[in-house]
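Novice: Chain by chain, the residues:
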Amino acid sequence: MKLKSLILGACSVLAMAGFARADTTLTIATVNNGDMIRMQGLTDDFTKANPDIKLNWVTLEENVLRQKVTTDIATKGGQFDVMTIGTYEVPIWAKQNWLLPLDNLGSDYDVDDLLPAIRSGLSAGGKLYAAPFYGESSYTMYRKDLMDKAGLKMPDKPNWAFIREAADKMTDKANGIYGICLRGKAGWGENMAFLTAMSNSFGARWFDEKWHPQFDQPEWKDTLSFYVDLMKADGPPGASSNGFNENLALFQSGKCGMWIDATVAGSFVTDPKNSKIAKDVGFALAPNKEGVDKRANWLWSWALAIPAGTKKAEAAEKFVSWATSKHYLDIVAAKDGWANVPPGTRKSLYDNQKYLDAAPFAKMTLASIKAADPEHPTVKPVPYVGVQFVAIPEFQGIGTAVGQQFSAALAGQISVDQALSSAQQLTTREMTKAGYIK
Amino acid sequence: MARAINTRSKITFTIVGWLCGLLLFFPILWTFLTSFKTEGDAIANPPYFLFFHWTLENYIEVQARSDYLHHFLNSVTISVGSTVIGLIIAVPAAWAMAFSPTKHTKDVLMWMLSTKMMPAVGALIPIYLIFRDWGLLDSRIGLTAIVMLINLPIIVWMLYTYFREIPGEILEAARMDGASLAKEIIYVLTPMAVPGIASTLLLNIILAWNEAFWTLNLSTSKAAPLTTFIASYSSPEGLFWAKLSAASTLAIAPILIMGWFSQKQLVRGLTFGAVK
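Chains V and B, in that order, are what the protein sequence lines are. Here the first sequence stands for residues 1 to 438, where the numbers follow this note's numbering. Here the second sequence stands for residues 1 to 276, where the numbers follow this note's numbering.
Chain V on its own, in the form it takes in the complex (with noise of 0.2 Å):
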């Protein structure tokens, strides 16, 4: 009997020996961009300080992946442990409890050094729902050498009319060079993410406060005038197919004398490896109208989540915390250097001398994150979250709809006051059909 309790207890000791080295697999579903595949390459400081906790990641183009981590998360499929969202899905998701609120960052996280843009877009009823890993608004990126041939001096903050007059005044179409590249491939994150905050500096909204759609209203008839007058005098041919990418590469190779788009371009526009004009490039922020007190810059951050179902939480929480605190910056820091740390998240950060050296895109980026207010977007005042972006389900349908119309006015193939009958009409059926509209 003693023989047997003996053996009985020895197995038990050694199941629970067992139990307690059983690893802990994360699947961490992830965007392909340069900050998140180097923090693939840097996990062995998670892994060696948790050997308990195994990473299995899984890496997909953005709109791949939203696709894939909401119809996970809304079918409590259960297939992801950690997400990689961003600021359109927080609002959204945490109001319908899908997502773990992060309570447990830990002691040294300090959670009140995040930049308050970005925290206030991550959170939803005062809780975090997400933790930033990079963060980033949009700014006015241009040539210096091209800006003094023209006699001009760009101001730190701009305003559409001086936009206007230096593109007319650098464009020089039988060079190859065109005073301004914005965006123009139809998409909601696409050419609506730029358009939505440029509608935002002529002081026009998607909805007023009963969700009527605006677009009926002259503030908007302004913008897209604007944008598709500008484009049409001084942008680059095809510029109605151009997204950040086709831009990027227009503004390297030195064919763009300015270019409005996201922070995360100076790193790449300033890469002496990649580009021609490196050292040529000055950063000023993001134009307004003259009298409006709203610029056209947004805010964006892709940050790490918890899904509600996941039954690792607690290795998940660890994974995030670390992912995102001070100490993994300097690991990035220390590794590849302070001009490649992710930027926008942490107000420390901007006050490190040394990043400050090595990011010359540094405070004008700190200054459009701060400028972006994402529960007040516009002048007038506005029913929903988001300042590039309407925080609600039905807007990536909508905005692309409304994206394809207004990149057809840009191409030529109809006017700009049909254009904006058309996102008028479409719009309203489609809050109505969602029940919006009474």
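Honestly, the hints are just simulated from the structure, not real lab data. Certain hints may be false.
Stated by the list, open to error - Partial list, computed: chain B residues near chain V (C-beta under 8 Å):
1) GLU39
2) ASN45
3) TYR128
4) ARG132
5) LEU136
6) LEU137
7) SER139
8) ILE141
9) SER221
10) ALA231
11) SER232
12) GLU237
13) PHE240
Said to hold, decoys possible - Pair by pair, the computed Cβ-Cβ distance ranges are:
14) V:PRO393 with B:TYR187: 53 to 63 Å
15) V:LYS95 with B:ASP133: 39 to 49 Å
16) V:LYS48 with B:TRP18: 53 to 63 Å
17) V:SER241 with B:GLN263: 33 to 43 Å
18) B:TRP18 with V:GLY41: 17 to 27 Å
19) V:ALA358 with B:PHE261: 50 to 60 Å
20) B:ASN6 with V:PRO237: 30 to 40 Å
21) B:PRO119 with V:LYS311: 27 to 37 Å
22) V:ASP336 with B:THR161: 31 to 41 Å
23) V:ASP351 with B:LEU73: 48 to 58 Å
24) V:PRO155 with B:CYS20: 54 to 64 Å
25) B:ASP133 with V:ASP351: 44 to 54 Å
26) V:SER241 with B:TRP18: 25 to 35 Å
Think of the CB as a built atom: it goes at the ideal place given N, C-alpha and C, for glycine as much as any other residue.
With chain V fixed as given, assemble chain B onto it according to the hints.
Specialist: Below, chain B alone, put in the same frame as chain V:
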């Protein structure tokens, strides 16, 4: 005179044929060339065609970042598995429709084809829920089944078309000689339809290899085929053109080589019956 016209038209057709061939092949050639460029050269404007700094760095990086062999083996399992199972189901189905048609056969065929006309995303959520409840998410069995099901209408249609070309009298003669239904299909019908079955097999392996919507949505890592491998190198915000091209070249190379070697069989099968 007639010979001169004949030669001239031959030359014209040859040139037009080559131009069409090159035009169709150009995207693959461009992807191949881009895979040997640096990211900077890949987006150069005007683009470089041959005179650039050739490098293997994209292939090295792709190999370092992803487990190509794992994705490749998943692609082989899913495409071959789904096609073989599909053929096993479709041969008897096409036999019945070709040799024992009823007044509803055409309607059944049209209904099968109509399932291909529905946007796949419309069925994503129900299928995803079934896969979740049956534990089939991210499994090779699940992906093989779904790819087989979505290609089944095409397999049945192709085989039906080939079987219709075979004279029914031959099968009747086999029956007269005492062949059972199974023997009739296995020993008489199948050998006669080998070119058709072979081209159906090859074409469906290609279709299954290229299938992206379901494989991307229903797999994460364990069962992820080469479509997921490619999707991990695309990015709307960042320079990944050269790496994406290297990943694409690696993903299409096996099926391209298979198509190259089997093109005779493929063309013979696709034109089966057309020269009668």
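Novice: Next, verify each hint and record whether it holds.
Specialist: Tested hints:
1. GLU39: With Cβ-Cβ at 6 Å, under 8 Å, it holds.
2. ASN45: 5 Å, holds
3. TYR128: Check passed: Cβ of TYR128 (chain B) comes within 5 Å of chain V, closer than 8 Å.
4. ARG132: At 5 Å from the nearest chain V Cβ, ARG132 (chain B) passes the 8 Å test, so the hint holds.
5. LEU136: With a minimum Cβ separation of about 11 Å from chain V (threshold 8 Å), the hint on LEU136 (chain B) is violated.
6. LEU137: 6 Å, holds
7. SER139: At about 11 Å, which exceeds the 8 Å cut-off, the nearest Cβ of chain V leaves the hint on SER139 (chain B) violated.
8. ILE141: Violated: closest Cβ of chain V sits about 16 Å from ILE141 (chain B), beyond 8 Å.
9. SER221: 6 Å, holds
10. ALA231: Result: holds, 5 Å to nearest chain V Cβ.
11. SER232: For SER232 (chain B), the interface hint holds, since the closest Cβ of chain V sits about 4 Å away, which is under 8 Å.
12. GLU237: 5 Å, holds
13. PHE240: Interface hint status for PHE240 (chain B): holds (7 Å vs cutoff 8 Å).
14. V:PRO393 with B:TYR187: 53 to 63 Å: About 58 Å separates the Cβ atoms of PRO393 (chain V) and TYR187 (chain B), which means 53 to 63 Å holds.
15. V:LYS95 with B:ASP133: 39 to 49 Å: 26 Å, violated
16. V:LYS48 with B:TRP18: 53 to 63 Å: 59 Å, holds
17. V:SER241 with B:GLN263: 33 to 43 Å: 34 Å, holds
18. B:TRP18 with V:GLY41: 17 to 27 Å: 46 Å, violated
19. V:ALA358 with B:PHE261: 50 to 60 Å: This hint holds: roughly 53 Å between Cβ atoms.
20. B:ASN6 with V:PRO237: 30 to 40 Å: At 45 Å between Cβs, range violated.
21. B:PRO119 with V:LYS311: 27 to 37 Å: Given range 27 to 37 Å: holds, Cβ gap about 34 Å.
22. V:ASP336 with B:THR161: 31 to 41 Å: For THR161 (chain B) against ASP336 (chain V), whose Cβ atoms are near 59 Å apart, the range 31 to 41 Å is violated.
23. V:ASP351 with B:LEU73: 48 to 58 Å: With a Cβ separation near 50 Å, ASP351 (chain V) and LEU73 (chain B) satisfy 48 to 58 Å, so the hint holds.
24. V:PRO155 with B:CYS20: 54 to 64 Å: Since the Cβ atoms of PRO155 (chain V) and CYS20 (chain B) sit about 55 Å apart, the hinted range of 54 to 64 Å holds.
25. B:ASP133 with V:ASP351: 44 to 54 Å: 52 Å, holds
26. V:SER241 with B:TRP18: 25 to 35 Å: 30 Å, holds
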